[in-house]
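Chain residues, written in single-letter form:
Protein chains: 2
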Amino acid sequence: MVEIELTKRQQRIIEIVKELEPITSEQIASMLSVTRSTLRPDLAILTMSGMLDARPKVGYFFSGKTDINLFSQEMKSIRVSDIMSVPVIVSEETSVYDVIVSLFLEDVGTIFVASKGFLVGVVSRKDLLKATLGGNDINKVPVAMIMTRSPNIVTTIKDDNALTAAVKIIDHEVDSLPVVERIIKDGKECLKAIGKVSKSNITKLLVELCRGGA
Amino acid sequence: MVEIELTKRQQRIIEIVKELEPITSEQIASMLSVTRSTLRPDLAILTMSGMLDARPKVGYFFSGKTDINLFSQEMKSIRVSDIMSVPVIVSEETSVYDVIVSLFLEDVGTIFVASKGFLVGVVSRKDLLKATLGGNDINKVPVAMIMTRSPNIVTTIKDDNALTAAVKIIDHEVDSLPVVERIIKDGKECLKAIGKVSKSNITKLLVELCRGGA
Numbered sequence: 001m002v003e004i005e006l007t008k009r010q011q012r013i014i015e016i017v018k019e020l021e022p023i024t025s026e027q028i029a030s031m032l033s034v035t036r037s038t039l040r041p042d043l044a045i046l047t048m049s050g051m052l053d054a055r056p057k058v059g060y061f062f063s064g065k066t067d068i069n070l071f072s073q074e075m076k077s078i079r080v081s082d083i084m085s086v087p088v089i090v091s092e093e094t095s096v097y098d099v100i101v102s103l104f105l106e107d108v109g110t111i112f113v114a115s116k117g118f119l120v121g122v123v124s125r126k127d128l129l130k131a132t133l134g135g136n137d138i139n140k141v142p143v144a145m146i147m148t149r150s151p152n153i154v155t156t157i158k159d160d161n162a163l164t165a166a167v168k169i170i171d172h173e174v175d176s177l178p179v180v181e182r183i184i185k186d187g188k189e190c191l192k193a194i195g196k197v198s199k200s201n202i203t204k205l206l207v208e209l210c211r212g213g214a
Numbered sequence: 001m002v003e004i005e006l007t008k009r010q011q012r013i014i015e016i017v018k019e020l021e022p023i024t025s026e027q028i029a030s031m032l033s034v035t036r037s038t039l040r041p042d043l044a045i046l047t048m049s050g051m052l053d054a055r056p057k058v059g060y061f062f063s064g065k066t067d068i069n070l071f072s073q074e075m076k077s078i079r080v081s082d083i084m085s086v087p088v089i090v091s092e093e094t095s096v097y098d099v100i101v102s103l104f105l106e107d108v109g110t111i112f113v114a115s116k117g118f119l120v121g122v123v124s125r126k127d128l129l130k131a132t133l134g135g136n137d138i139n140k141v142p143v144a145m146i147m148t149r150s151p152n153i154v155t156t157i158k159d160d161n162a163l164t165a166a167v168k169i170i171d172h173e174v175d176s177l178p179v180v181e182r183i184i185k186d187g188k189e190c191l192k193a194i195g196k197v198s199k200s201n202i203t204k205l206l207v208e209l210c211r212g213g214a
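Those sequence lines, one after another, are chains A and B. Heads up: the first sequence at position 187 corresponds to 187 in UniProt numbering, and the numbers run straight through without jumps. Heads up: the second sequence at position 124 corresponds to 124 in UniProt numbering, and the numbers run straight through without jumps.
Treat the hints with care, since some could be wrong.
What the hints assert, rightly or not - Capping the alpha-carbon separation at 30 Å, the derived lysine-lysine pairs in DSS-like fashion look like this:
#, chain 1, residue 1, chain 2, residue 2
1, B, Lys158, B, Lys126
2, A, Lys192, B, Lys126
3, A, Lys130, A, Lys168
4, A, Lys116, A, Lys126
5, B, Lys130, A, Lys126
6, A, Lys130, B, Lys204
7, B, Lys192, A, Lys204
8, B, Lys158, B, Lys188
9, A, Lys126, B, Lys192
10, A, Lys204, B, Lys168
11, B, Lys158, B, Lys116
12, A, Lys204, A, Lys168
Hints in this document: simulated from the structure, not taken from any laboratory.
With the hints as constraints, model all of the structure from the sequences given.
Structure follows, in structure tokens:
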């Protein structure tokens, strides 16, 4: 991929094609008082970039694509499995106190809760903070009491693209998403957490993409 | 700006120029067994994108720019002041309990601490969580006891670009940065917090840029 700043003449060509499509290169050349051969590189750039369509024996059409965005193209070409972290998973009987200890030991912001190997909940720093204020003995309260419970969890899958994951995080106002595999067990759909995608993963990806291209 | 996927021939031209620079269009044409006029649009694209340099009467040079990155260009054109949030600021005497209440009421992840209007510390969800475990009465412990204290705070300014802020967040492993103004008071440099940039702001920016270009 390369990027090209359009010249005044190329922008003028786009305007002409927009207005008069279909139009031949001879007609465009005569409107701009240049030769067809002068115009050839301009038309090559505009068709290669997808801004103009050329149909043999008919002429040039405006494609409508003026703002092709490398940004979203790159984000869509990167999969969740390329950026996800290893999740920290505890069982639903774990005490709130022990979950907080895991959070510090593993240095994460969100912890997943599993029952018999399957995802049943998610617990955030805010959930834990709220639990510590409640006045209960957090050594005795199991994490299952305070977690956000499935199906109220927003999830993603490893083949989703990075942009889809980022959009879910923003739209649902969460810090991270469990990356799940759906497994049918005893006729019931169960989720297995195989990764985690957080705002940190997204911010890191953005920094890496920018550094890679510096 | 438009983007163009390079053809095989254009990629071959880059390889030839890399190896044999300076090289004339006649020489390239003869190596590829095509006419100079066939080559003209290719060379136009490669020079316009900045990948090749053309010097009159000398020939084509390889510029070294193979990966011009719209991503980082866009990120660098956006200023911190364009994406920052309003900060939540408490005074240093505020109790840990009251800071936690503010965190929930304002729905933020980080709170700034000020003394006489100037930034003296930052307190995160993790700092607060740790404080609640300490066994002390969080109604009596002032936030100043548990905050990360200036000058150990990583800050940014409103004229920094969004990429610089994202890099600081990742490199220093923090959730957010105070956006500060430096003020000289009684011969001492003081910081005034005028905003906050977090991983949320960065993730949101990324989603907006991608949506804008869809």
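Hints versus structure:
1. About 26 Å separates the Cα atoms of B:Lys158 and B:Lys126, which keeps this hinted pair within 30 Å; it holds.
2. Restraint check: the Cα-Cα separation between A:Lys192 and B:Lys126 comes to about 27 Å, which is no more than 30 Å; the hinted pair holds.
3. Note on A:Lys130 and A:Lys168: the hinted pairing holds, with a Cα-Cα distance of about 24 Å set against a maximum of 30 Å.
4. With a C-alpha separation of about 26 Å, the suggested pairing of A:Lys116 with A:Lys126 holds against the 30 Å cut-off.
5. Under the criterion of a C-alpha separation no larger than 30 Å, the hint pairing B:Lys130 with A:Lys126 is consistent with the structure, at around 12 Å.
6. A C-alpha spacing of about 26 Å is found between A:Lys130 and B:Lys204, which places the hinted pair at or below 30 Å, so the restraint holds.
7. Between B:Lys192 and A:Lys204 the CA atoms are separated by roughly 28 Å; this keeps the pair inside 30 Å, and the hint holds.
8. In summary, the hint linking B:Lys158 to B:Lys188 is supported, as the alpha carbons are separated by about 21 Å, within the 30 Å threshold.
9. At most 30 Å may separate the alpha-carbon atoms for a hinted pair to count; A:Lys126 and B:Lys192 meet this at roughly 27 Å.
10. A hinted pair counts as satisfied when its Cα atoms are at most 30 Å apart, and A:Lys204 with B:Lys168 qualifies at roughly 11 Å.
11. A C-alpha spacing of about 22 Å is found between B:Lys158 and B:Lys116, which places the hinted pair at or below 30 Å, so the restraint holds.
12. Only pairs whose Cα atoms come within 30 Å are accepted, and A:Lys204 paired with A:Lys168 is accepted, the gap being roughly 17 Å.
In terms of the numbered hints stated before, the structure departs from none.
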